[in-house]
Amino acid sequence: MTQKSMRQALNEALRQEMRRDPRVLILGEDVAGGAGCEGEEDAYGGALGVTRGLVGEFGRTRVIDMPITESAIMGATAGAALAGLRPVADLMFVDFLGVCFDQIFNQAAKFRYMFGGKAVTPMVMRAMIGGGFRAGGQHSQTLHPMFTMVPGLKVVMPSTPYDAKGLLIQAIRDDDPVIFLEHKAMYDLMGEVPDEAYAIPFGEANVTREGTDVTVVAFSLMAARANDAADLLRKEGISVEVIDPRTTSPLDLDTILDSVENTGRLVVVDESPPRCSLAADIAAQVAEHGFSHLKAPILSVTCPHTPSPFSPSLEDLYMPSVDRIAAAIRKVVSR
Amino acid sequence: MTQKSMRQALNEALRQEMRRDPRVLILGEDVAGGAGCEGEEDAYGGALGVTRGLVGEFGRTRVIDMPITESAIMGATAGAALAGLRPVADLMFVDFLGVCFDQIFNQAAKFRYMFGGKAVTPMVMRAMIGGGFRAGGQHSQTLHPMFTMVPGLKVVMPSTPYDAKGLLIQAIRDDDPVIFLEHKAMYDLMGEVPDEAYAIPFGEANVTREGTDVTVVAFSLMAARANDAADLLRKEGISVEVIDPRTTSPLDLDTILDSVENTGRLVVVDESPPRCSLAADIAAQVAEHGFSHLKAPILSVTCPHTPSPFSPSLEDLYMPSVDRIAAAIRKVVSR
Amino acid sequence: MQINRDELLKAYRRMRTIRAFEERVFAEFERGNIPGFVHLYSGQEASAVGVCMHLTDADKIGSTHRGHGHCIAKGVDVRSMMHEIFGRKDGLCGGKGGSMHIADLEKGMLGANAIVGGAPPLAVGAALAAKLKGEDSVAVSFTGDGGSNQGTVFEAMNLAVVLQLPAIFIFENNGFGEATGHDYAVGSRDIIGRVAGFGMPATRVDGRDFFAVHDAMGEAVRRARSGGGPSAIETVAKRFGGHYVGDPMRYRTAEERERTMRDDDPLIMFRRKVTDAQLLTPGQLDALDGEIAALVEASAQSAAQAPFPGAADLETDVYVTY
Amino acid sequence: MQINRDELLKAYRRMRTIRAFEERVFAEFERGNIPGFVHLYSGQEASAVGVCMHLTDADKIGSTHRGHGHCIAKGVDVRSMMHEIFGRKDGLCGGKGGSMHIADLEKGMLGANAIVGGAPPLAVGAALAAKLKGEDSVAVSFTGDGGSNQGTVFEAMNLAVVLQLPAIFIFENNGFGEATGHDYAVGSRDIIGRVAGFGMPATRVDGRDFFAVHDAMGEAVRRARSGGGPSAIETVAKRFGGHYVGDPMRYRTAEERERTMRDDDPLIMFRRKVTDAQLLTPGQLDALDGEIAALVEASAQSAAQAPFPGAADLETDVYVTY
Ligand SMILES: Cc1ncc(C[n+]2csc(CCOP(=O)(O)OP(=O)(O)O)c2C)c(N)n1
Ligand SMILES: Cc1ncc(C[n+]2csc(CCOP(=O)(O)OP(=O)(O)O)c2C)c(N)n1
Ligand SMILES: [Mg+2]
Ligand SMILES: [Mg+2]
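Residue numbers (this note's numbering), protein chains in the order written: chain A, 1 to 335; chain B, 1001 to 1335; chain C, 2001 to 2322; chain D, 3001 to 3322.
No lab work stands behind these hints: they were computed from the structure. All C-beta atoms in this analysis are idealised placements derived from N, C-alpha and C, irrespective of residue type, glycine included. Relax, there's no trap hidden among the hints.
Reference excerpt, derived from the structure (chain D facing chain C, CB under 8 angstroms, subset only):
| hint | residue |
| --- | --- |
| 1 | 3185 |
| 2 | 3188 |
| 3 | 3199 |
Derived DSSO-like pairs: lysine-lysine, alpha-carbon spacing no greater than 30 angstroms straight-line:
| hint | chain 1 | residue 1 | chain 2 | residue 2 |
| --- | --- | --- | --- | --- |
| 4 | D | 3133 | D | 3107 |
| 5 | A | 118 | C | 2089 |
| 6 | C | 2089 | B | 1184 |
| 7 | A | 118 | C | 2010 |
| 8 | D | 3133 | B | 1118 |
| 9 | D | 3107 | D | 3238 |
| 10 | D | 3089 | B | 1118 |
| 11 | B | 1295 | A | 295 |
Turn these sequences into a full structure, and let the hints steer you where they fit.
Have a look at this one:
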């Protein structure tokens, strides 16, 4: 296995699936770049370079630069999927869902049900999430709870290059609409990634640290931070089990419940404001189905109920940090 | 006091506030109706008649029919609010948020924070929510969790004509953006409503039934059903406390926690699919802050994780019913 | 008139079927047999049929909340439609969709759509699929006069022009969006002129006149199939009824409505044209009327008796796998 | 040229301030002193200033992600802007907004906007407020060539026409939307022609030429203030730099960029015009340049020393009351 960045892993997944299946195509703003310009083709390869190089191999009929019209992009993606393609749309920043949400949640997600099970809408919507870029209120959100909430959507939040590749391949092969959320602070993260194509099934959590005192559930960048907190606390004699469910919908609740059965304690980490968050969702499910195992309150570590601030000093306070995660773990273990 | 329908109560609130404050105006599709037609003015008065009669008193400069362009409507509402008016927009069915969500959640809700506390955006967005009309997947949702999640928004869900009037008046007088969600199955519900104007503060729950065995939290139409379930169970000797928080954001958690401290048991009823729902939100907050009081798992009664079905037979199964609420209460009390 | 006798019969059959179907839906709704919101198409039949006569099952259409006419024009089975609108388990969508969400993907009918402006982006996607697969099929979206203002529609048109897709945008100007006149809501008072500014051929036709619609669509389809890119057509024909069944229609005068139903009926206009030109006989048309009446009667009868879906159906059909 | 000496000086001061401000922002960003994404306006100064010279604090503007120029043209305090862009507690927005969300409501500046197409609906609302309050103020939105395709923009324009509002839509065609050429993304290849179809007066002007912009805007503002409804202006002027600071600009050739910076500089063009016409002397302009350089220097110096916001600031400013 070779070391690859998350960006490379995603690019490889797209390239291999596009080679395998001629129905796979990529749509989005500047997914190639350079259209109608005097300079180079493939000038962008996506806002942060994930699709770089693909237009060279697959051409502009399969890597299609779009005008800045997200409703048209998402609608065209859904329509193309209904008509037999397997499009991968790039929404760029997830924050832009506000201008195209109808096509995602009222159209693509609901076709199958509204049409009595006859529609198949195999589409992937990639989007960048998360803070750390000092990008302010409209470019730093995660918004995964808004997607998780929607029946008919699947929601993926990878935390390693290995997972990113396998989950993106699964997303492309999957017959349902999938939201694939890439944390923009993780593109340069390195990890072992096999060269060949492989798919990681949805709904199967990854237990990234085994432990006995407390269960911590976290996704995406927060999974990395939860692991760091677990490593830190090991030195303090606290044994933390970290679970990265990898997909929020479907959610591998069984693995979480099994773990809580052993540890009796749960901390959920979520890079999102607290209300109706994924942290709340998981806490509620455990409070219903794992109540008898619980020895302590379920704690959540989230962002505050505010928009994302711009200033670095505020953003660092805003996002759940290793310290805040560790503090919550210590608190719940002390009960 | 006189008996009035929820529709009348809302109409009266709008009329009285428009008389009081010339900055209040109404924007929406067919809020009057008849624009550019040969027939009558005020032909609709809103899709279900709530704004009927207002154009007669206030004219078309303050009751403004809009083209079917929700982004423009919501954006114009936000812009007008920033510029000193106090607009009340009618989104009609809440399901349409998908075509205008950016103006709500990325613009209106975030101005104050992003602009360092200098913006005041006093606007109300009225929308019809909920099932029971056999209106299918795109006209039956509640979507209140999507709004509750958003920092900067306030979210109101009245369950009686009395509350509807007082809360709408508060919403109009409030200096923050408010989402005001009216259950479309409740417009003909009658109740006592004072003739004069009054405001009900946000964030103050209403304990509609006092009881000692179990706490039930429910909003809007579900509050009515929870009350019915409580009445039913009284005959079985189960004493149910029903709390209608009336606003989901801010949420009166204290009243809920106080009640759970007494009862030790909690059922949350939510007309919404379960994931990242308001039910989950409240359950999680109690699992964190009221854990030591809990004698039993927290149960949620929600819709399933599916879109809203059209057929009456399915929709009746889909929405939380008095029976399902009662069953959950019995279950939690038996623990 | 480049259209042969069989095609004329087919066109009439479809227009008459739409009319008869909807009259029955209206009656059943009034009787309480049909749940939900129902929007009728009567008065606009020539638009859907004039457009869809040019299409095969491989061509796609995306529709609106007022979708019965588009479905029938596209060849969707009337009985399955009736069962769906009645909310029955063996309806076209298992009773999960209803009038506002009828779809028949095998017929290339991508769904009625209860979101105004919902369909055009979807149709553009279907057109993209056709182009990428190298097929010569086209994709058509229907939008109302009210819907012509929606941002999604403008975006879809621009995208179709940028990618030169085989997409055809039909604007059905029936005079009203709910209770608002189109001259009020369309600032330019010229739907198709505004569309032309997007850079595609755009024509306005008499939407009551099957032949006018058929001609314009013929050209648009030829253009699209031969790689000539998108087009738009505005069909002007008032709806006979209210926005939905139950609409008191206060925004219309009784005279205007009567005049419309008397003078603007696409079926009467068609019948007059084809019989005057001795292309079809009144007898042929009457026979079709009878056949269709029987079909609609049988559909409604069986729909009323068909079983509703049950608890086992509630949570199916959300995902292919989960 | 219906513009007096004082106004010319003011116009130059603002254009030069934008340029100097942004050159400094560029340098500070490269040095790592400015966080986040920064989009520079250099090359387009004549657009913002030509437009805003006609506006008072009572008039509103809604801006884009590329908002520094609009702010400065509207009279927003440069020092507070610099502090904001540095993320400091005493910045214009307390460090909570940053470059993409600078706003100054007292100056009628309704905010930069990081959502493409975000501002036009807001500006329409501000125009509605002006009309309803019986004021003669106007509201202006800025949108790029890329943004001109966004559905929200079309909706906003239609609404302004329907309600005949004092709204002015400025389309700043700087050649690119990120790395995509405007001729590719605008299917009609004619932004302002497409806009005209919405039913309002619409003109294209040389966006490098302050006087051309100023003239067109003068007419639009007069029309709006006198109840004549909305207008649109396309200003054509390429941006000198990349989409954001750090953009490698592979989609441009070095020659094209050099040519642009050499031949299309609005400041050089302005200077030449006013000195050729002997309206202002080079000395007057040089003096202003010096003054502005000092102002920018002082702003950057003080910004770099100003304190950051802290934990106590994190959760404030979300609601007026909660
Ligand atoms: C996004 C959205 N906004 C509003 C509505 C409510 N609505 C349903 S149909 C309709 C009028 C549509 O008018 P038009 O496009 O002219 O179609 P027609 O009903 O005349 O066929 C409206 C406002 C909706 N369904 N979706
Ligand atoms: C809704 C939305 N889509 C995409 C983006 C990402 N984005 C930011 S600026 C930009 C290009 C805008 O081009 P244009 O409107 O021409 O303005 P310019 O940058 O040239 O000033 C894009 C695509 C965004 N911020 N918002
Ligand atoms: Mg219409
Ligand atoms: Mg541009």
